[in-house]
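Novice: Next come the chains, spelled out residue by residue.
There are 2 protein chains.
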Amino acid sequence: LQLAPTIELDPLRLRLWTLDARVAEPAVLTDAPRLRAVLRAAAERGGATILGEEFCEFGNGAVTGVLVLAQSHLSIHTWPERALANVDLLSCGSIDGEAIVFEVAERIGAEQTRVTCRARTVW
Amino acid sequence: LQLAPTIELDPLRLRLWTLDARVAEPAVLTDAPRLRAVLRAAAERGGATILGEEFCEFGNGAVTGVLVLAQSHLSIHTWPERALANVDLLSCGSIDGEAIVFEVAERIGAEQTRVTCRARTVW
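Chains H and S supply the protein sequences, listed in that same order.
Take the first sequence: its letter number 20 is residue 20 in my numbering, and every next letter is one higher.
Take the second sequence: its letter number 14 is residue 137 in my numbering, and every next letter is one higher.
If you are wondering where the hints come from, they were derived from the structure by calculation, not from laboratory data.
Backbone N, C-alpha and C fix where the C-beta goes; we use that ideal spot for every residue, glycine too.
You can take every hint at face value.
Pulled from the structure, derived: some chain H residues nowhere near chain S, Cβ distances all over 12 Å:
(1) Glu-44
(2) Glu-103
(3) Glu-106
Taking beta-carbon pairs under 7 Å as the criterion, some of the chain H residues facing chain S (in silico):
(4) Asp-20
(5) Arg-22
(6) Leu-51
(7) Gly-52
(8) Glu-54
(9) Thr-64
(10) Val-66
(11) His-73
(12) Ser-75
(13) Arg-114
(14) Thr-121
(15) Trp-123
Distance ranges between label pairs, derived from CB positions:
(16) H:Arg-36 / S:Trp-246: 20 to 28 Å
(17) H:Thr-49 / S:Gly-175: 20 to 28 Å
(18) H:Ala-27 / S:Arg-159: 34 to 42 Å
(19) H:Glu-106 / S:Ala-160: 38 to 46 Å
(20) S:Thr-239 / H:Ala-27: 28 to 36 Å
(21) S:Gly-170 / H:Glu-57: 17 to 25 Å
(22) S:Thr-236 / H:Thr-116: 18 to 26 Å
(23) H:Arg-118 / S:Gly-184: 24 to 32 Å
(24) H:Thr-30 / S:Thr-172: 15 to 23 Å
(25) H:Glu-25 / S:Ala-147: 44 to 52 Å
(26) S:Gly-184 / H:Glu-57: 29 to 37 Å
(27) H:Gly-52 / S:Cys-240: 26 to 34 Å
(28) H:Ala-27 / S:Thr-153: 39 to 47 Å
(29) H:Ala-27 / S:Arg-237: 34 to 42 Å
Excised from the complex, chain H in its bound form:
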């Protein structure tokens, strides 16, 4: 038995993961230090290297946070009035995007989720 050699169409392994989550306890969505810790723990869980970060808090308690990674970026935006969080991970290389997204979902107490992943276009 001979198997054809596999062809790596995208050696950069560029993937865009998205998570839309409705959480059980909206208090987490207005807690910027906790969300920062959640993103950092999730990034590390997936083997990513954190290079920088930017967080903002809004008047209604909503939080936006972005980690710049050596392997692209991980962001969260929260909508406490809807118990909603949107998480985006653009990943490249060998980090485990699925582990990162699921770690965030678990740590924010997601009870309803929509997760997508797609390859980005590389020429």
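Since the structure of chain H is provided, determine the placement of chain S on it from the hints.
Specialist: Showing chain S alone in chain H's frame:
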């Protein structure tokens, strides 16, 4: 003639735009100050409010930059060795995401592009 009232399924107007672009002149992809100016000009072109930013430069000249917006975020990651840039815009509210994405594409001299837009899940 009576028309049914329109139903706004997502009053947040949450949209995820992506742009994968191959550029004519890769020199722009290693020029962090220029990319910062491109993102800021594009965000303003689409009516977004810039709240913060984080930029990193890599050893091979690649640049990662993120603007935190009052209406979510705008990011760029460049791959100069492939003349490639990946741009992501998560947008909410009344900003013009299409204008932002196309402004970035034009200002970096994109000659091949793949643009996508999809609504995020809101409960």
